[in-house]
Amino acid sequence: MSAADKPPNDVSPNAVLEAYVLDVVRRLPRRQRNDVGVELRNLLAESLRDRAADAGHAANNQMALDIVRDFGRPDDVAARYHPPGDPIIPPQQSAAFAWTGLIGIAIQWSVTLPMAFDNGGSAIGAWWVTYGLGAFWWPGFLVTIAIIAGFVRRRWPASPQAWRPKGLDTDTINRPLHLAGFAAALVGIGIWVAQAWFVLTSSSPAARALAFAPDFLITRAPVIMLYWAAGLTLMLVVIMEGRWRPLTRQVNLGLQVLVCALMAWLILGGPMFVSEVADQTAKAALGLIIVLVVIQLASLAWRRRARLRPPVAQRG
Amino acid sequence: MPDTQSDVAARLEQELRRGVIILATLSQLRSAQYGYSLRQALADKGMPIEEGTLYPLLRRLEGQGLLVSEWRIEDGPPRRYYTLSPEGVKHFSDLTAAWRGLTAIVDGLIDEEPVRKRKSVS
Chain A
1 MSAADKPPND VSPNAVLEAY VLDVVRRLPR RQRNDVGVEL RNLLAESLRD
51 RAADAGHAAN NQMALDIVRD FGRPDDVAAR YHPPGDPIIP PQQSAAFAWT
101 GLIGIAIQWS VTLPMAFDNG GSAIGAWWVT YGLGAFWWPG FLVTIAIIAG
151 FVRRRWPASP QAWRPKGLDT DTINRPLHLA GFAAALVGIG IWVAQAWFVL
201 TSSSPAARAL AFAPDFLITR APVIMLYWAA GLTLMLVVIM EGRWRPLTRQ
251 VNLGLQVLVC ALMAWLILGG PMFVSEVADQ TAKAALGLII VLVVIQLASL
301 AWRRRARLRP PVAQRG
Chain B
317 MPDTQSDVAA RLEQELRRGV IILATLSQLR SAQYGYSLRQ ALADKGMPIE
367 EGTLYPLLRR LEGQGLLVSE WRIEDGPPRR YYTLSPEGVK HFSDLTAAWR
417 GLTAIVDGLI DEEPVRKRKS VS
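Protein sequences appear in the order of chains A and B.
Going by my numbering, the first residue of the first sequence is number 1, and it counts up by one from there.
Going by my numbering, the first residue of the second sequence is number 317, and it counts up by one from there.
In case anyone wonders, no lab produced these hints; they're calculated from the structure.
None of these values were measured; they are calculated from a predicted model.
Just so you know, even glycine gets a beta-carbon here, dropped at the ideal spot from N, CA and C.
Honestly, I wouldn't trust all of these hints.
Sample of chain B residues at the chain A side, in silico, Cβ under 8 Å [claimed, not checked]:
1. 346
2. 347
3. 351
4. 352
5. 367
6. 368
7. 371
8. 372
9. 375
10. 393
11. 394
12. 396
Model the full structure from these sequences, guided by the hints.
Here's what the structure looks like:
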């Protein structure tokens, strides 16, 4: 035993018990403290007296320390005095809660920290007291939501009959909704092409602000058109079949990976717009879309991982 | 360090005992006892319960209305004596019936013949 583990010799065994009891009761609700404290102190003192009698000598500090250590850590003992309550974050949600909090902070820092480096190392301090610490609003927000959810859970507990099977057939599509999406995509592409043509023929300053860079129109714009054509074709096939099939799912997955690469190329391959402001804004939006698509792909991979797989039969 | 077989056995027995602590405690509180005397009574009858578990349990059972308690000052320090409340008497009776039913079922499970394989290995 190290010297730090031993109680000082100039205190009485009862002082060791007293210190322990005070450490326990300060973790209890105020109305319980005195009552539990007096009872616990007397019970421990009785235990100490009996142990000393069994040992055949007077009680000492080490004996008192052994008794309270056997009794348990003050945190654990105080927890045992509390009736089991409803935690703010239920155990089955704690891992998801921690990950959601950490990922939220990481995303905010990954967006704001590069800006601090752009302004030189001296901006790091300013970043920390603004965006750095500010990112902690997110876990605070999650805790607030968890408190509200806990209140709703206690006030209106869910009945086991409330559970309904969901997600049994995720392959069937809502045809009218997908048709509307298809039409909206066509309109969007039409506007994009019309705008490209309009700014070429217009001398208005507002129109010129949205003019595409000539190099972009020659090299990257045709690839975007090809990607859109592939996406619209896939959408049309799914609408005609009325459901997703393994092949169309795989093609869709491939297109999502492709769009990330395509957008990265758009960002890194030179100016898209003649105006620098328009170019920076468009590239920021594309960066955000890449993040969202990657999150969607990660979520898809996670859901696939969580599905139950049949066990492999073993011989023997 | 991996648990030894004796550690595992001790932990399993502890789990088993944990399930009956409340019934054992209620059984001894048909007459008034204070924490330390209750612990001694249980230990003398082969049911030792750690102090750190027993004393908070008494408070929780009192909070649930199964026990009533009072401070008594006799020939020594003040002691808090616990005994079954009328509600506790009823719960003790219900738990006793449940325990007897459960032990009969578990005895039957333990004593039955092991299930044989339906197909013999050729």
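(request) May I ask you to test the interface hint for residue 352 of chain B with respect to chain A, counting a Cβ-Cβ separation under 8 Å as satisfied? (result) It holds, given that the least Cβ distance between residue 352 of chain B and chain A is near 5 Å, below 8 Å.
(request) Answer holds if the nearest beta-carbon of chain A is closer than 8 Å to that of residue 393 of chain B; otherwise answer violated. (result) holds, 5 Å
(message) Does residue 372 of chain B hold up as a contact with chain A if the rule is Cβ-Cβ below 8 Å?
(response) holds, 4 Å
(request) Classify the hint on residue 396 of chain B as holds or violated, based on whether any CB of chain A lies nearer than 8 Å to its CB. (result) holds, 5 Å
(message) Given a cut of 8 Å on the nearest C-beta pair, is the interface hint for residue 371 of chain B held or broken against chain A?
(response) holds, 6 Å
(request) For the hint on residue 346 of chain B, just tell me whether its beta-carbon gets within less than 8 Å of chain A. (result) violated, 21 Å
(message) The hint names residue 351 of chain B as touching chain A; please verify it with the least Cβ-Cβ distance against 8 Å.
(response) Hint on residue 351 of chain B: holds, closest Cβ of chain A at ~5 Å, below 8 Å.
(message) Let's test the interface hint: is any C-beta of chain A closer than 8 Å to that of residue 368 of chain B?
(response) holds, 4 Å
(request) Double-check residue 367 of chain B for me: the hint is only fine if its C-beta lies closer than 8 Å to a C-beta in chain A. (result) holds, 6 Å
(message) So, as I understand it, the hint says residue 375 of chain B touches chain A; can you test that by seeing if any CB pair is closer than 8 Å?
(response) holds, 6 Å
(request) Have a go at the residue 394 of chain B hint: is there a Cβ in chain A nearer than 8 Å to its own Cβ? (result) Because about 7 Å separates residue 394 of chain B from the closest Cβ in chain A, which is inside the 8 Å limit, the hint holds.
(message) residue 347 of chain B was flagged as interface toward chain A. Is the shortest Cβ-Cβ separation under 8 Å?
(response) It is violated, given that the least Cβ distance between residue 347 of chain B and chain A is near 19 Å, above 8 Å.
In summary, the numbered hints that this structure violates are 1, 2.
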